[in-house]
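These protein sequences, in sequence, are chains A and B. Be aware that the first sequence starts at -17, since it is given in my numbering, and climbs by one per residue. Be aware that the second sequence starts at 5, since it is given in my numbering, and climbs by one per residue.
The set of hints was computed from the structure by calculation and includes no laboratory data. A couple of the hints might just be wrong.
[Said to hold, decoys possible] When the alpha-carbon atoms are kept at most 27 Å apart in a straight line, the in silico DSSO-like pairs for lysine-lysine are as follows:
1. B:K13 - A:K58
2. B:K90 - A:K92
3. A:K58 - B:K19
4. B:K139 - B:K13
5. B:K139 - A:K58
6. A:K77 - B:K13
7. A:K92 - B:K106
8. B:K77 - B:K19
[Claimed, not checked] With beta-carbon atoms standing in for the labels, derived distance ranges:
9. B:I132 - A:Q64: 29 to 35 Å
10. B:I132 - A:E26: 42 to 48 Å
11. A:E36 - B:E64: 26 to 32 Å
12. B:D124 - A:K58: 34 to 40 Å
13. B:K77 - A:K37: 52 to 58 Å
14. B:K13 - A:K70: 46 to 52 Å
15. B:I132 - A:D60: 35 to 41 Å
16. B:G78 - A:E36: 40 to 46 Å
17. A:E26 - B:Q36: 32 to 38 Å
All values derive from a computational prediction rather than experimental measurement. Backbone N, C-alpha and C define an ideal beta-carbon position, used for all residues, glycine too.
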Amino acid sequence: MDLKKNNEVGSFVENLSNIDKTSIFLLLEMTGKDSIMRKTKEEESMETVFEEKEKTLILKIREEIDDYKVQEIRRKADYEIQRYMPKKVVFDFDKVTFMDSAGIGLIIRKVQVHKFNRSRGRIGQFNKEYKKNF
Amino acid sequence: MKNYENEMKLEFVSKASNESFARVTVAAFAAQLDPTVEELADIKTAVSEAVTNCIIHGYENKLGIVKIVAKLKGRTVEIEITDSGKGIENVELAKEPLYTTKPNLERSGMGFTIMESFMDTFEVESIIGLGTKIKMSKTVEGQVEEEEQDFTMVTR
Chain A
-17 MDLKKNNEVG SFVENLSNID KTSIFLLLEM TGKDSIMRKT KEEESMETVF
33 EEKEKTLILK IREEIDDYKV QEIRRKADYE IQRYMPKKVV FDFDKVTFMD
83 SAGIGLIIRK VQVHKFNRSR GRIGQFNKEY KKNF
Chain B
5 MKNYENEMKL EFVSKASNES FARVTVAAFA AQLDPTVEEL ADIKTAVSEA
55 VTNCIIHGYE NKLGIVKIVA KLKGRTVEIE ITDSGKGIEN VELAKEPLYT
105 TKPNLERSGM GFTIMESFMD TFEVESIIGL GTKIKMSKTV EGQVEEEEQD
155 FTMVTR
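Could you put the whole structure together from the sequences, leaning on the hints where they help?
In structure tokens, the structure reads:
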């Protein structure tokens, strides 16, 4: 089938070839967002791993951390910490796609809470693009 | 008056859910300069901080309009982010790292510090009762082009 003979599809194909860099960037940014693509449990915004032997709770954050998202992340983290009552908490930021000072506020708050609870916190690995924020 | 090669304006309601949209839009606009991933991350982060300040501090989570103007000149992107909120009483104090007027919201107080660190220029203009304008710019070095290599084909 000759796509260009089909007016509707042909028009789409023709316009596709004119997409410039800005449009591609925006398209990738929007379709790459975890909140759109996430479907399976493994792709949830936060994965929780509890190591029974050392009573270590690992919180793997898999989305952007900004003022809007941090509230949900904080609630989830608080829930998991109260649920498992760990001796040690590890935050894994390797899959975080964006972070601003809201993420720093999250960490400061968690460190303060853990000092109060006499448990230990640790910051795990983080995405190198936002390593500068630390 | 500078001759800008490109310019864009964006206005949106001061909702936290628009923070991501705002930084992605400005980053997409700046992408025309072919910045490195790190340069783009710096711009996105600075815009996110400024927009968050408008929402949390300027409008104190009430509805208002946040305005962004971005301009390109040469390798430089200039960004202005404005709100018509309550304004800042003491700008120098607000710029101090870890200082926040909203400790109850578990804010880090690092917003201005990050903007100042990540951008090449940074200015704050604020009038109590009228609002705040953040002006910042970044000169993008961009992707380093690989040197062309001469290939000599040898045939036997």
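Note to self: Which constraints among the numbered hints does this structure fail? Numbers only, ascending.
What the structure shows: 1, 2, 5, 6, 8, 9, 11 and 16
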